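**Student:** Using the hints provided, position chain B relative to the given structure of chain A.
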Amino acid sequence: MRPSTQSAATQVEREAAFGRLPVTREERIWSFADFSWVNIGLAIATWAFLIGGLTAVFLPAKEGIAAILIGNVISVTLMALATCTPSAKYGVEQYTLLRSVFGLLGTRAIVFFFIALIEIGWVAILAIMFGRASTNVLNETTGTSAGPNSLIVSLIGVVAIVISWLVLVRGPVSIKWLNRIVAPGLGVMTVVMLVLIFSGTNWTEITAASPLEPFGDRQLDFMIAVEFNLAAGFSWWPVMGSLARLTRTQRAAVYPNLLGLFAAACLAEIVGLFAALSLGSDDPTVWMIPLGGAVLGVVALLFIAFANVTSMVAISYSTCLAIRQTGGRAIRALRWEVLTGMFLLPSAILVFFPGAIYDNFFIFLAWTSVAFAPLTGIYLVDFFWLRRRRIDVRALYDATPGSPYSFWKEINPAAVLALALGAVTYIVMINPATLEANSLFLFASASIPALFVAAAVHAVATVALNRRAGKGAYDVASIHQGYSQVK
Amino acid sequence: MKPGSDDYIDDELERRLRAIEQSDTDDPARRDLSAGDMVALTAIVLAVVLLSLLWGFSG
Chain A
1 MRPSTQSAAT QVEREAAFGR LPVTREERIW SFADFSWVNI GLAIATWAFL IGGLTAVFLP
61 AKEGIAAILI GNVISVTLMA LATCTPSAKY GVEQYTLLRS VFGLLGTRAI VFFFIALIEI
121 GWVAILAIMF GRASTNVLNE TTGTSAGPNS LIVSLIGVVA IVISWLVLVR GPVSIKWLNR
181 IVAPGLGVMT VVMLVLIFSG TNWTEITAAS PLEPFGDRQL DFMIAVEFNL AAGFSWWPVM
241 GSLARLTRTQ RAAVYPNLLG LFAAACLAEI VGLFAALSLG SDDPTVWMIP LGGAVLGVVA
301 LLFIAFANVT SMVAISYSTC LAIRQTGGRA IRALRWEVLT GMFLLPSAIL VFFPGAIYDN
361 FFIFLAWTSV AFAPLTGIYL VDFFWLRRRR IDVRALYDAT PGSPYSFWKE INPAAVLALA
421 LGAVTYIVMI NPATLEANSL FLFASASIPA LFVAAAVHAV ATVALNRRAG KGAYDVASIH
481 QGYSQVK
Chain B
1 MKPGSDDYID DELERRLRAI EQSDTDDPAR RDLSAGDMVA LTAIVLAVVL LSLLWGFSG
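As they're listed, the protein sequences go chains A and B.
In terms of our numbering, the first sequence opens at residue 1 and continues consecutively.
In terms of our numbering, the second sequence opens at residue 1 and continues consecutively.
Read the hints as simulated data drawn from the structure, not as lab findings.
Since the model is a prediction, treat every value here as computed from it, not as a measurement.
Glycine residues also receive a C-beta, built at the ideal position from the N, C-alpha and C atoms.
None of the hints are false.
Interface residues of chain A toward chain B, partial, derived using beta-carbon atoms under 7 Å:
1. Pro-22
2. Arg-25
3. Lys-62
4. Ala-66
5. Ile-74
6. Thr-77
7. Ala-88
8. Lys-89
9. Arg-248
10. Val-393
11. Tyr-397
For reference, chain A alone in the conformation it holds in the complex (with noise of 0.2 Å):
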């Protein structure tokens, strides 16, 4: 069958199922180029203008652009490390090469204990800023005035997700045509967005204006911004080792998130701030019009709308996706459309309450943190340190009980007492909800310290359990067979 002519369903099966397997050398098409131009896309979103107005809440212009660069070089190299390198090696998939840090019902678990529920967050959040966006252009071209929690917010985001629905299950292509349109046009309105802030004020303003609504406390507001920053870097590692293995060097998977989820996010960010300050306001709905004016500001808000649909859709593919490979023969049996359907209702709950979760997506980011930093530093100490990055491909997909990657009944406690400590010493360092922090807080943050205690867990545990008895495959001198043999 011509691929064109494939059925919706048959295009992401083949995608479930292909997607899985290693890729050869002649399928890694992307070159640096090609995967910085991936990175800009995907960098360049509506909810980077969500953290830069979020940034804009405690820290005034110079100190805010500080901590936008800051959190985002140090989690986005540290997230590129851990997830880019070691997929772009093997060309394996990212939730296929876990398998070789948490066992195949860990590695099951983290999709659907962490993953799934904080990609239903996100949706959650973009299906609520489409309802605030498309609200506001109602308000503006018949003259209502509803409010930002009103009912209709909610409802317009049910029919926000009802869409994505609808392009989830007409499959892959349709979701490559949205991106095709979304990636420039919002890397068009950022731009102007810029020129229109700069022609109703001017730099000195600009710097002089107070943030938002701060604690008060300089070096408090200025880490806790930090952390947010770390924390949005740190939210794309459920997404980028599964790109990165169509890369055809190392260098070419690493460096273009630089470019894109650090420099391209960072700029996008910076342009949030800037509005937020200037308007004084942190939500990108309500900047539209006052920067824009009627005709423009609406079109900006219709295209908000749009784009937020293409982020949800995206979202939603790779988790779902994510789901179907890992999810065992009960997942596998069902339909497409059942899975997706399934995987967005809970967010189509969660728009009836916009007040609760919009307006706290700063707690929301924090608590993506406390899972994906302590994920980075077990990835990336078990790769680089525990494995002097060599793995056993073959045994990446062998499932028979006592296989190299088997470890205690498929699940690694190395690996699992690693992310629970880490997490803890995250809501340590910080309460996620209550924005209470220690005084360690203001030096180290609370990702950093996360990241290096679950890192420093897992090694040592690994040394003390797993090679002492024989599990995971630790001994890379014993591999002999995959690209270790041949590197």
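**Tutor:** Relative to the frame of chain A, chain B by itself:
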């Protein structure tokens, strides 16, 4: 054998693993990042952090 069936995927996996395991396979992706790359990445991070702190808190 039907493309997409379990047997087809298993055969395709085996074909790819064999191709990967051939000792004459030369894939540039297998060349690890060098110590120079690690130094460069560390230098980029440190430079951005230090310059941002100095500029962000100046004046």
